[in-house]
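J.: So the chains spell out like this:
There are 4 protein chains.
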Amino acid sequence: MGYAMASNLLKAGYEVMVWNRSPGKTDGLAAAGAKVAATPGEVACACDITLAMLSDPEACLEVATGPDGVASAISAGKGYVDVSTVDAQTAQVVAAAVRAKGAAFLEAPVSGSKGPAEQGQLIFLTAGDQQLFDAASPLLDVMGKASFFLGEVGAGANMKLVVNMIMGSMMASYAEGLSLAKQCGLRQADLIEVIKLGAIAAPMFALKGPPMTDGKYPPAFPLKHQQKDMRLALALGDATAQQLPLAAAANELYKKARAAGYSDADFSAVMEAVARRD
Amino acid sequence: MGYAMASNLLKAGYEVMVWNRSPGKTDGLAAAGAKVAATPGEVACACDITLAMLSDPEACLEVATGPDGVASAISAGKGYVDVSTVDAQTAQVVAAAVRAKGAAFLEAPVSGSKGPAEQGQLIFLTAGDQQLFDAASPLLDVMGKASFFLGEVGAGANMKLVVNMIMGSMMASYAEGLSLAKQCGLRQADLIEVIKLGAIAAPMFALKGPPMTDGKYPPAFPLKHQQKDMRLALALGDATAQQLPLAAAANELYKKARAAGYSDADFSAVMEAVARRD
Amino acid sequence: MGYAMASNLLKAGYEVMVWNRSPGKTDGLAAAGAKVAATPGEVACACDITLAMLSDPEACLEVATGPDGVASAISAGKGYVDVSTVDAQTAQVVAAAVRAKGAAFLEAPVSGSKGPAEQGQLIFLTAGDQQLFDAASPLLDVMGKASFFLGEVGAGANMKLVVNMIMGSMMASYAEGLSLAKQCGLRQADLIEVIKLGAIAAPMFALKGPPMTDGKYPPAFPLKHQQKDMRLALALGDATAQQLPLAAAANELYKKARAAGYSDADFSAVMEAVARRD
Amino acid sequence: MGYAMASNLLKAGYEVMVWNRSPGKTDGLAAAGAKVAATPGEVACACDITLAMLSDPEACLEVATGPDGVASAISAGKGYVDVSTVDAQTAQVVAAAVRAKGAAFLEAPVSGSKGPAEQGQLIFLTAGDQQLFDAASPLLDVMGKASFFLGEVGAGANMKLVVNMIMGSMMASYAEGLSLAKQCGLRQADLIEVIKLGAIAAPMFALKGPPMTDGKYPPAFPLKHQQKDMRLALALGDATAQQLPLAAAANELYKKARAAGYSDADFSAVMEAVARRD
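Protein chains in written order, with our numbering: chain A, -5 to 272; chain B, -5 to 272; chain C, -5 to 272; chain D, -5 to 272.
All the given hints hold, so there is nothing to weed out.
Repeated chains share a single entry, so a pair holds when one copy, or any two copies, can fit it.
Here are the simulated DSBU-like cross-link-like pairs (lysine-lysine), alpha carbons at most 30 Å apart as the crow flies:
id: 1; residue 1: Lys190; residue 2: Lys218
id: 2; residue 1: Lys5; residue 2: Lys19
id: 3; residue 1: Lys222; residue 2: Lys210
id: 4; residue 1: Lys5; residue 2: Lys190
id: 5; residue 1: Lys139; residue 2: Lys176
id: 6; residue 1: Lys190; residue 2: Lys210
id: 7; residue 1: Lys139; residue 2: Lys19
id: 8; residue 1: Lys218; residue 2: Lys176
The set of hints was computed from the structure by calculation and includes no laboratory data.
Let the hints inform the model, and build the full structure from the sequences given.
T.: Next up, the structure:
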């Protein structure tokens, strides 16, 4: 995804310097005009705004706070925008390291995967230093179709959890509806079509319904990650004493699906926890 | 709604005969070319296909099986299409009365309200005699944008229950998400916008979200009706031993909202059962 | 159970007249001094207080309101005590028939089975005419260890539902605890013993725990009856807008156990719905 | 509680050495024959078996691993028995420190409070080194009525969580029953009495029922601690993919009660989350 995002910035005429853990991965970008740095710190030293797209919290911490990392080289007046999806705690650690050098920080997890990244259709859920949001907005507009500034660092991660919590409950409820339809003698395909035309039509229902009725769950968003997000959203609810009875019930179904071996299947495999009759 | 449906049939060039419990209500249709009958039976005697749009099961039973009703006058080769929303049992009673006279029956509850009725954009969830569905389809196509033939009488009512069950769980889950967002310090308006752009975007969320955040629930679909539909869907689940843990959890929230006095508010008032902190 | 109850009355020195649908079943009681009647009406005509112990609502209605039944022969000043376990509606129909003749009525479902009946250790949950409760109390004291007068007809049936609802949730929760213990590497037998010694010790846990850990569920109270009582208790909650989220969650587990074929097993077979991992 | 336990050991004729953070608290024990040490390490150096009763994980870690602590002075052949109630992780840290010195460790959280401690009626849920359990059993028998050896360190803490999880669900279910009884027109006092006589009779129900019906919740086990134990039990269920739908539903009620201000009330105040109708 980082490749697609950098490509779009180059196409839009920006000067871009890139770094990747695996050196060969930047060749295409270099051919398209990007400078290639030897370390993350070199990028942070040379550029006004440094963007990072990394796979997990460990990688985020290493790139930001490790030797030759961003925090070792960044300075007052510059900004660091981390578009990786990580938990609020990791984002706060990175923010503290960057701000300690006088630089600004923006957490900016994206909604959307490879396709939207290539088409410049990502959604950025940002939080942190608002001036950096304002400065980075032209870049975000090149890479995405919408950007939100949500408040303090951690708000971006929390917004993703809230959205994914609703998504998880909706999917479990959809599985209940499909299962009940079948038990009542209705065709599941009819239910899918009826829903498409009404007030609860959602892209996810149209996309996932047909494979679910076939018992097929090719992993787009793995069930274990959905269940982890339910767990983390419930932990937010615990911290704030917010009751979440549907999310709690849905979480139990995702756990049941994990016990039945569907951790690595798509999260729509919660269908198996709902529909099984033995 | 019956007025709008009959108007569309007249505009499409069909010969239409109408009857209404309150005689004056047919004046506009008469002016537009409709014949006016004195009883439902007179319609059923004169027309190949008789359509009924009534407000509740009692009215359906009276028009179909009462004195001068449809069943008293209908005969072999004709068809009766009841587009009212009633329970499966009522539909089955009407079906038996009509079929006893050799006529065909189609249960055809609609999805959509006055606006879609006027614009010919209704959705018909039909079940019963498939030959009548085939014969009536040109009429349904004039009045609506889609028609489904779902199987045996009762299937139309059950399909509505399944859809409304999912809708009820989705609304309760949305209320959880909005409440958790607030407790985490996120703006509810941001959550509404983020959802609009993603995989779980549904017209209902976009429509109901803003008034919900203002604590406003002007009744479009009363909460007591949503709770009744949850109860009936759960009863279907009981009859078929289909577990429905999210629907069951959502139903308890709708009951809680009833206890707190929101029976006649919009079903989005389930927000009050979720968000209250005292 | 009726035999044991009549025996205890005879032993206590009461004059007893008996009737049974199967004539031979009263032989032992006749030998012990009971008069034998040819019809229920004959008992109601001869005795001040008529007691009935029947198996289901149909039998209750026939004995009370059928030809030669109790209501055909009972008269002002007499009383009818039905100790069968039936729903509130059936009890109300019987009450109306008996009261229409000027007689008094007491619904008195028992808690306890054959053993307690023989030992005079039953518990009577009565409701209806309090004067009849006062008059019948000496008889109830012979047959049982405790009697409650709960109010209007229907209160006895409702009390049983409330108790069975709690029982059903407790059993489901116990199954959760046993399952979690196993998954954590604890011995289920240890959990059973620890519980026996503390604040949540209940006879049911001590009795059912060991067979549950062996996957054995010999039917004492069939699962389908427990699930029916959960459903009826939830219907009471619906009628009164009382939220019951645990009962609702437990009911879904009993439904799941029904789907898996445990309807006729003991209700402790809800264990299978909780513990299964496929 | 430590005072009562040491007293019972002295009465039984054991040689006892004691230490307390607040020196004056050991005066009574000294008068009864105990030697008084200046540090925990002095006890561990002088005695074959050292017992600790502390209030929270921080105190446990300090006494075991801090300067002049148990681990600084204990040696091969001796044993350390920690009867405090702490989480599995804390117990494992203490175990590692003690075992590193060649000594044995037993985690032994107690069930029971001050009264049972004075009467020698505690229950010990032990885990760790079985030889130490065997050696310490005569002491445990003096102080308690039952001891369990449950397996690896952590098993004692987990057993307490499983028991408390069932207790929390039972209490929530009891609140549902009491609330439903009231809404149906039954007397809550009658329900309490009926339950006392049957299969689900538990000391907790008899003890807590009457104050609950009066809306009184004097804190014996604070609601926030019950909710914390539900959360930790659910986390165990998450780690093992064990579905726990009733515990999850109960947890949401305890959270609701926290939001309503009952954190420091007794856990029976979950009644307020269930019964409130506004």
